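Student: Which chain is which? The protein sequence lines are A and B, in order.
In terms of numbering that gives the first Met the number 0, the first sequence has 122 at position 123, counting the first letter as 1, and numbering is strictly consecutive.
In terms of numbering that gives the first Met the number 0, the second sequence has 245 at position 246, counting the first letter as 1, and numbering is strictly consecutive.
I should point out that these hints are in silico values taken from the structure, not numbers from a laboratory.
In this text the structure is predicted, and so the values were computed from the model without any measurement.
Careful: at least some of the hints might be erroneous.
[As the list claims (entries may be wrong)] Now the stretches of chain B that chain A is said to cover, found in silico as 3 or more residues with beta-carbon under 8 Å: (1) 17–25; (2) 30–38; (3) 55–61; (4) 109–123; (5) 241–250.
By construction, the Cβ of each residue, glycine as well, lies at the ideal position given by its N, Cα and C atoms.
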Amino acid sequence: MSISATSIRIAGLEAIQKKGWLNAHKWLLLRRFSQISILSLFLLGPVFGVWIVKGNMSSSLTLDVLSLTDPFVFIQSLLSGHVVKTTAIVGALIVFGFYALVGGRVYCSWVCPINIVTDIADWFYRKLKIKSPVHFSKNNRYSLLAAIFLLTAVSGIMVWELINPVTMLQRELVFTMGFSWAVILAIFIIDAFISRRAWCGRFCPMGAFYSLLGKFSFIRVNALNREACNDCLDCYVVCPEPQVIKPVLIKADVSNPVILAANCTNCGRCIDVCSEDVFTLGMRTAKFSDIAK
Amino acid sequence: MNTSTNKTLQSRRRFLENISRAAGGVALYGFGLGLYSQQAISLPSQSIRPPGVVNENDFLSACVRCGLCVRDCPYDTLKLSSLGDDVALGTPYFDARKIPCEMCEDIPCVKACPTGALDPELQNIDDARMGLAVLIDQESCIAFHGLRCEVCFNVCPLANKAISLNRTHNQRTGKHALIIPVVHSDACTGCGKCEHACILEEAAIKILPVKLAKGELGHHYKLGWQEKQKAGESLVTPDVPHQYNLPEGTSYDYEGEGLIPALKNNSKDINDTPFTKSAIDRLNEGVN
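Just chain B, with the same shape it has in the complex:
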């Protein structure tokens, strides 16, 4: 009797010991793995993904790292991250500066994916969001020095949609224009042709993961002009046309001409100017 209770005690002790040891082990492994994974998934700027990746975390739950997308990429753009690379181990990515995405119309990489990590719903390559081009260094970009370059604009597969040229005044010379490339996130697929083609030693325009590149407007923001368009009318009391309190016989001109005396009788005679010949009279009109 004594020995049997001893035995049950012993087996109970062993059971508890095993359970607590297993639990301790699980906790320890879990802790270590959790810490490491946090570091490993901290979205590095090199994580430029193949088409069909919407969200990095979703991708890391879906990609089995088989490399079938890499194999079916006809331009050898894609590669798998190996140990020592910054991108999450074994996942596909590409370095646009080396080989950009050629945006194949049939999207073979997405078709090759066996798990759906690359979203099979993606039918039009223009809808891909592999990353986002950002003109990250305006100090080096020669367009900001007043030089004509526009290479990024010219190689862009969606030129005028994803990258447009914006003409501004060159303040340095005072008489020339700056022709500045501007990226539009609603069209840019992140293919990286611009980064690849950038003529600088180190590209001034770079592809970044969308999450790193984009800001996000506060959700409570309402843009008045958009709301007005949606509603078809002003949401507040409509603006009253401005009433100028101008000297008699003058009107206000928007185009920078300033205050001008109104033309008399819509005359077309070139000599029939609104201005008097006498300087004294002109001054007395109250025009400054």
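Here chain A stands alone, though its shape is the one from the complex:
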């Protein structure tokens, strides 16, 4: 693949030289800020006794008013045959609506703490120039999602929540830390040394669910300035789902170069590393004619 040939160069170096370190890390820093501050909000209560947010990311209560529920967990509960109380229904609808607008997998890149782990794993992968010995299909996550939904409906219990490493880490960071660190370490080792981007990009059914949820979201990354692209491929190297960039950059006959693929996480890393500012974050409806303004 052409990607491995270019991975010898340091992705984003050109952008740092041209735009400055801060501008070449703007979205990454914003994302880390978002992830850490959301986690901190949950930790303020148990650590400092300041109860702004109670609960965890599966379901929470903010300032004793705003109740939010994770739609993925909510749907599992529905499928297993539980008649959910109104509080959770409203909470799940709010969260559902939010991600349906801003992009489903925004959850993965801006909220989920596992993303920090897998991003670091991928950083190791690139720095140490590891070659993954194992490859999995990107569609694995959808098979797993289907299996989970099927099994939940058949068994009548939320089977995935008995092992879900995503909710487990979110929960154990805020409540008591059990052995979940071992599972997180396993995910790190697999991602860094065995199969690149295996968890978030191949297996996580939660990410798969959120990708479907945000399939028609409004906020999208576009390549309206694709004329400026110098084919450095830095964006491919850093993108957690590189397949989503291909249609807007490579296909010549694209009229609206907007990344519409459901698995784009709107992480904005491609915007950071592009020295030519090809990418911008905009609306789904962005057109070439928009840059004329």
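Knowing the structure of chain A, use the given hints to seat chain B on it.
Tutor: Here is chain B on its own, set in the frame of chain A:
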């Protein structure tokens, strides 16, 4: 023409390949997950749940593991199961030996639950069934050694209803009483105060999940005395009062006195005993 049929063949093959691969994947995941979940939901004895949980399987379909009940528990009784604990991952439970449930009247844990996994219908904490106290080790319980303890009875919030004391004969000494605590499942909420207070190194009375603790009578069983009460009369031919065939002048006494000669003329004179002064006459009365 040839290339187009080739293409359709190819795409068909790819389609079938993808479908079968997906189906295989789903089956594999499903199998693994199914096996694991069977193990994970095998009701461990530590699954003592917050108030408002009726059935473990229903609970595992309703609880989103958010821990809001844990946060609103004023006594830090509840905790979430973390990886490595026996209880189903992430679900709330408590260890009564460490911190029992204080049975708050306003039941804040149930109010905090956003999904209804803790049944909002539960209004009276006395109706909660978190588990069931079982005096599981009669060999260690000092009440069975004839010692006065009754701590479990005294701390029970529903003493005399959930735990009562049952006095029996101490066969070892032959002259003392054993005062045995007895749990009644129709009143015990499973709060665990008894387990918490048990004076032994390891509690002799323990809270178990109701399903583990309770037996179940065969549904075809009818208890005669209950049926009789319901019907207001005996369902079979009424019992005929027993006719004793006793020696003349004697009657039968229930209170352990045995066969006694009937008193003559209801006399109150202390000297007017039914017994004759002569031992020979007494023997001849036929009394053994």
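Student: Mind taking a look at whether chain A covers the region 30–38 of chain B? Criterion is 3 or more residues with CB to CB distance under 8 Å.
Tutor: As far as the region 30–38 of chain B goes, the hint holds, because 4 residues have Cβ atoms under 8 Å from chain A.
Student: Check whether three or more residues of the region 109–123 of chain B sit with their beta carbon closer than 8 Å to a beta carbon of chain A.
Tutor: holds (count 7)
Student: Tell me whether the statement that chain A covers the region 17–25 of chain B is true, taking a Cβ distance below 8 Å and needing three residues at minimum.
Tutor: Since 5 is at least three, the answer is holds.
Student: Using C-beta distances, would you say chain A covers the region 241–250 of chain B, given that this needs three or more residues below 8 Å?
Tutor: violated (count 0)
Student: Verify the coverage statement for the region 55–61 of chain B against chain A, using a C-beta to C-beta distance below 8 Å and requiring 3 or more qualifying residues.
Tutor: Per the Cβ count (5), the hint holds.
Violated hint: 5 only; the structure is consistent with all others.
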